[in-house]
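> Sequence:
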Amino acid sequence: MTSAEIKHRAPRHWHKITIDSPLETAATITSFAAALADGGVESIDHDQLKPVRAEIIFYLLTDDPKLSAKRAGLEALLNNLHHLHPEAPPRISQEEVIQEEDWGKKWKESFKTFHLTNRLVIKPSWEEYTAQGDEIIIEMDPGMAYGTGLHASTRMAWELTEQYFSELQTSPQVLDVGTGTGILAISSALFGATAVLAVDNDPDAVEAARNNIKANLLSDKIKVSGTDLADIDGKFDLIIANIIHDTIITLAPELSRRLKDQGALVLSGILAGPQAQNIKERFRALGLTQVNQKNSEEWEAITFQKIK
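With the working numbering applied, the sequence shown corresponds to residues 76 to 383, in that order.
Keep in mind the hints are simulated off the structure, nothing from the lab.
Each hint should be verified, as a subset may be incorrect.
In silico lysine to aspartate or glutamate, EDC-like type, Cα no more than 20 Å apart, as pairs [stated by the list, open to error]:
hint: 1; residue 1: K187; residue 2: D216
hint: 2; residue 1: K381; residue 2: E242
hint: 3; residue 1: K187; residue 2: E203
hint: 4; residue 1: K369; residue 2: E356
hint: 5; residue 1: K355; residue 2: D336
Restraint-style ranges between C-beta atoms, simulated for each label pair [to be verified]:
hint: 6; residue 1: E242; residue 2: R357; range: 22 to 30 Å
hint: 7; residue 1: N155; residue 2: I324; range: 20 to 28 Å
hint: 8; residue 1: P164; residue 2: D138; range: 29 to 37 Å
hint: 9; residue 1: T302; residue 2: E242; range: 29 to 37 Å
hint: 10; residue 1: I211; residue 2: H158; range: 45 to 53 Å
Cβ coordinates follow ideal geometry from the N, Cα and C atoms, glycine included.
Go ahead and model the full structure; you've got the sequences and the hints to work with.
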């Protein structure tokens with residue numbers, strides 16, 4: 076789909092589902108929602124100081140022929156989890172249909188300038204911010220794409236990537252798989268990558284990433300593609316993949332094959348526990364060595380290296 080086709084198509088409608096859940100069941104629900112969602116998943120703690128419950132928000136296309144089946148599957152999961160917290164079980168707290176053009180308005184209401192790390196600041200185009208000290212600013216408008224840096228998986232992916240850059244003596248070539256808004260690709264370019272290839276199979280993400288890259292004056296350093304991973308050329312010093320567990324497992328052989336000797340692979344979007352263990356075993360079987368890891372609540376991010 077071309078940029079013109081995206082801009083001129085009829086606006087889509089989204090079925091927004093909000094789930095109120097105890098923290099103990101939030102990871103299971105988030106994982107299930109990520110497998111269903113057509114437009115990303117948000118997980119929010121009600122009380123940041125001492126969270127007891129979480130809110131999981133995700134979006135389904137209203138014209139998805141599997142919408143009813145997905146909704147029924149969610150209900151079945153919540154019923155199965157009811158016995159774990161019968162006094163205050165996980166439940167669907169809100170459902171609404173929103174138009175595509177309303178999505179951007181909702182983001183503008185909640186998306187404010189923030190620090191992704193101590194040095195990296197993410198700001199929307201409609202806000203002003205002046206860098207302090209050695210801060211690096213990225214201008215980011217999410218559009219319909221997923222990945223603004225607010226989610227723990229994006230933050231941990233970048234923390235591991237930033238650590239990788241801090242230990243480098245040369246400028247790497249980087250591949251960002253499932254680029255979304257392009258936030259990790261842009262960050263990599265600003266921190267010293269010589270060239271970045273950002274890939275995503277979602278036309279909205281490709282469009283959003285290109286717009287954000289252009290806004291940050293990095294079109295000469297970052298290329299965006301909707302091409303499948305198996306069809307791209309070359310190998311890379313660093314590969315970043317902030318995507319869901321099942322996709323990581325499917326792409327594992329190709330991710331390993333695209334990594335240069337001594338190269339690093341940063342994986343995020345993984346739930347701690349069985350998912351993370353499964354991924355560790357899969358990449359160890361492919362000959363990669365785990366060299367770093369970060370955890371945040373129910374999420375985990377891992378760095379592997381191809382040591383030869």
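> Each hint needs a verdict: does it hold in this structure or not?
Hints and how they fare:
As the CA atoms of K187 and D216 are separated by approximately 11 Å, the hinted pair is consistent with the 20 Å bound. Between K381 and E242 the CA atoms are separated by roughly 16 Å; this keeps the pair inside 20 Å, and the hint holds. Restraint check for K187 and E203: the C-alpha separation of about 10 Å stays at or below 20 Å, so the hint holds. Distance hint between K369 and E356 is fulfilled; the C-alpha atoms sit about 17 Å from each other, no more than 20 Å.
With a C-alpha separation of about 19 Å, the suggested pairing of K355 with D336 holds against the 20 Å cut-off. The given range of 22 to 30 Å is respected by E242 and R357, whose C-beta atoms sit roughly 25 Å from each other. Range check, N155 to I324: about 24 Å between beta-carbon atoms, so the 20 to 28 Å window is met. Here the CB-CB span from P164 to D138 is close to 31 Å, well matched to the stated 29 to 37 Å.
The given range of 29 to 37 Å is respected by T302 and E242, whose C-beta atoms sit roughly 30 Å from each other. At about 48 Å, the CB distance of I211 to H158 agrees with the hint of 45 to 53 Å.
Hint violations for this structure: none, all hints satisfied.
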